[in-house]
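There are 2 protein chains.
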Amino acid sequence: MISWLDVYHVISATVPLYVSMILGYLSAKHLQLFTPEQCAGINKFVAKFSIPLLSFQIISQNNPFKMNPKLILSDILQKLLALVVLAVVVRFWHPTGGRGGKLGWVIIGLSVSLFPNTLILGIPILAAIYGDEAASILRQIVVMQSLIWYTILLFLFEINAARAITSSGSEHNTGGNENEEVNREEEELREDEAAIVRTRSTGTMKVLLKACRKLMINPNTYATLIGIIWATLHFRLGWELPEMIDKSIHMISDGGLGMAMFSLGLFMASQRSIIACGTKMTSIAMVLKFVLGPALMIASVFSMRLRHNLFKIAILQAALPQGVVPFVFAKEYNLHPEIVSTGVIFGMLIALPIILAYYFVLDI
Amino acid sequence: MISWLDVYHVISATVPLYVSMILGYLSAKHLQLFTPEQCAGINKFVAKFSIPLLSFQIISQNNPFKMNPKLILSDILQKLLALVVLAVVVRFWHPTGGRGGKLGWVIIGLSVSLFPNTLILGIPILAAIYGDEAASILRQIVVMQSLIWYTILLFLFEINAARAITSSGSEHNTGGNENEEVNREEEELREDEAAIVRTRSTGTMKVLLKACRKLMINPNTYATLIGIIWATLHFRLGWELPEMIDKSIHMISDGGLGMAMFSLGLFMASQRSIIACGTKMTSIAMVLKFVLGPALMIASVFSMRLRHNLFKIAILQAALPQGVVPFVFAKEYNLHPEIVSTGVIFGMLIALPIILAYYFVLDI
Numbered sequence: 001m002i003s004w005l006d007v008y009h010v011i012s013a014t015v016p017l018y019v020s021m022i023l024g025y026l027s028a029k030h031l032q033l034f035t036p037e038q039c040a041g042i043n044k045f046v047a048k049f050s051i052p053l054l055s056f057q058i059i060s061q062n063n064p065f066k067m068n069p070k071l072i073l074s075d076i077l078q079k080l081l082a083l084v085v086l087a088v089v090v091r092f093w094h095p096t097g098g099r100g101g102k103l104g105w106v107i108i109g110l111s112v113s114l115f116p117n118t119l120i121l122g123i124p125i126l127a128a129i130y131g132d133e134a135a136s137i138l139r140q141i142v143v144m145q146s147l148i149w150y151t152i153l154l155f156l157f158e159i160n161a162a163r164a165i166t167s168s169g170s171e172h173n174t175g176g177n178e179n180e181e182v183n184r185e186e187e188e189l190r191e192d193e194a195a196i197v198r199t200r201s202t203g204t205m206k207v208l209l210k211a212c213r214k215l216m217i218n219p220n221t222y223a224t225l226i227g228i229i230w231a232t233l234h235f236r237l238g239w240e241l242p243e244m245i246d247k248s249i250h251m252i253s254d255g256g257l258g259m260a261m262f263s264l265g266l267f268m269a270s271q272r273s274i275i276a277c278g279t280k281m282t283s284i285a286m287v288l289k290f291v292l293g294p295a296l297m298i299a300s301v302f303s304m305r306l307r308h309n310l311f312k313i314a315i316l317q318a319a320l321p322q323g324v325v326p327f328v329f330a331k332e333y334n335l336h337p338e339i340v341s342t343g344v345i346f347g348m349l350i351a352l353p354i355i356l357a358y359y360f361v362l363d364i
Numbered sequence: 001m002i003s004w005l006d007v008y009h010v011i012s013a014t015v016p017l018y019v020s021m022i023l024g025y026l027s028a029k030h031l032q033l034f035t036p037e038q039c040a041g042i043n044k045f046v047a048k049f050s051i052p053l054l055s056f057q058i059i060s061q062n063n064p065f066k067m068n069p070k071l072i073l074s075d076i077l078q079k080l081l082a083l084v085v086l087a088v089v090v091r092f093w094h095p096t097g098g099r100g101g102k103l104g105w106v107i108i109g110l111s112v113s114l115f116p117n118t119l120i121l122g123i124p125i126l127a128a129i130y131g132d133e134a135a136s137i138l139r140q141i142v143v144m145q146s147l148i149w150y151t152i153l154l155f156l157f158e159i160n161a162a163r164a165i166t167s168s169g170s171e172h173n174t175g176g177n178e179n180e181e182v183n184r185e186e187e188e189l190r191e192d193e194a195a196i197v198r199t200r201s202t203g204t205m206k207v208l209l210k211a212c213r214k215l216m217i218n219p220n221t222y223a224t225l226i227g228i229i230w231a232t233l234h235f236r237l238g239w240e241l242p243e244m245i246d247k248s249i250h251m252i253s254d255g256g257l258g259m260a261m262f263s264l265g266l267f268m269a270s271q272r273s274i275i276a277c278g279t280k281m282t283s284i285a286m287v288l289k290f291v292l293g294p295a296l297m298i299a300s301v302f303s304m305r306l307r308h309n310l311f312k313i314a315i316l317q318a319a320l321p322q323g324v325v326p327f328v329f330a331k332e333y334n335l336h337p338e339i340v341s342t343g344v345i346f347g348m349l350i351a352l353p354i355i356l357a358y359y360f361v362l363d364i
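So the protein sequences, as listed, match chains A and B.
Counted from 1, the first sequence has number 363 at position 363 by the UniProt record's numbering; the numbering is strictly sequential.
Counted from 1, the second sequence has number 12 at position 12 by the UniProt record's numbering; the numbering is strictly sequential.
Looking at chain A on its own, in the form it has when it is part of the complex:
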């Protein structure tokens, strides 16, 4: 039976994250402390330094030789089930006016339902409930996310963009908030697109190349790869990170959590509205995130016969609010970014009671 003390632990792990986020939101929205350009500076610092170093730290602590095969298979199964369910649903019904066609709606469905904010919210909250065991399980989920799922998601976005261009010419355009790098990338992309509209042959190779180029300019790619390589050396050969390097990484990654939440608050303040995509799409997104995602995870962990805390943690992490990475992709490819942003923002706002509800139900 869950005690009030347990509830207190969850809340006291969650509140500081929200405080940082609200501080960011208020300082940009109401105090007007930061101009949009200054917010972009802070967000860039978080995206280029805090998050990659935090990822490296988490991933390098994960022992690649002791990952739980049942957990990994459950994670994979959940993703496959979601793909099947969404493909079937979209075959018979999908909202009208979609820019990316049916594939676009499937991608958005996957983005909204399958990618919880494990790194920033998951580890501190679930570690407050289940201790080190949760941290060790979530590190494995983070490795899968960073190494496999985000890469596949990026490829799907890229394929969809290539299809959209071939079928209807260049209708690829984006909002005005991107930073310079994205704009530069954008221009290159447009040139590529122009060449493709001309030739009418997209080709898998081209899609692969473009997605690879995007991965190559993303510091998280390097953080993930170096993290895994280091974890291999550490856990196989017993190498230790020299104190100075370890401390240098901590110097910036220690603030990573707070900075990331602050930056999420700035992001919220930059959006037109908290439910930018209307109430109907918001409800659908919330059902996908907090019902479909966890339900498919429940089906997966049952079929893989996960037990005890592993069972509970796998389900609880699937019920965490949506991460920011899918939004970054959706915005970059201009594929319903308003839905994914609502998923992030509104999801964060209603997350705490939902996490507590799942926590209670799982304990019965």
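Hints listed in this document are in silico derivations from the structure and should not be mistaken for laboratory results.
All the pointers check out, no bait thrown in.
No copy is singled out in the list; a pair is fine if it fits within one copy or between any two copies.
Here are the computed lysine-lysine pairs in the DSS-like style, where the Cα-Cα straight-line distance is at most 27 Å:
#, residue 1, residue 2
1, K331, K102
2, K214, K29
3, K48, K247
4, K247, K29
5, K48, K29
What you are looking at is a predicted structure, and each value in this text was computed from that prediction instead of being measured.
Got chain A; can you put chain B on it based on the hints?
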């Protein structure tokens, strides 16, 4: 006798701070990752959130009922000695072309020689050498700095500005890099100045009011006061900070060190040159900082009969490179900011061998 291990500890505590700083410098100067406006955003985050929360944390850990009277008196004596020495020197010789006259040169001399970067550099480096004892001593120095010395320094700057206006009309002007708040403050100041040029009476009251207004808009003032009040409640009545508030503060202050050093790197990148004030003034500033400041501290601790580690730590902290706060004042009042900026930047670059040298000599 100091072992190589001791030296290694000092270096391994210092290097991570420099890594953050160099990262900030390179990302603004060579990678052009951040525009000046974006740098301003990061600096503002550091000035409004990281540093005040870090100050609060340090100051609230200091037991106000167990401050060492001899240490406090040595600190006060060092400041008085510096004032006398600088007043005598400036009476007989000072560089030509000074904007603030003799008082201006005394203020710059005090700024450069007496205000080491205790909060950000001092605590991690000296705690690596002497452990918790150093942290406890430096917290007392930080309290003195934040509560008394920076306030007095601000008053001196304000008095000098008022004198300069009365004697020569409004020659108060600043560079173009300030953020909006300073600009607004600036305008109010100009209006006040205009009124004073008209009336030809400055009055102590006016100077006091202006300095108070500056203190009121500085989040560090609040951080310091709340820190001291909380420390009083904690150490006298045994009150504990609720876990959630404590964690919320840590969420942002944990990254404070790294962010502050990163922001110092951005600041370096924003300056025209590392030795903006020329080699002669740079040499004078370095002698003031690394010879005069520590020498006066040595005289003070001898006369106060400090002993053992307290003796060593008091001297070593006086030999730390210059803090950033005096630069902020010097820039705001446009009183030789290029000298104070060189003091910060060049001081950081040559600090490590100097700290090690003092460390060796003190151990003999």
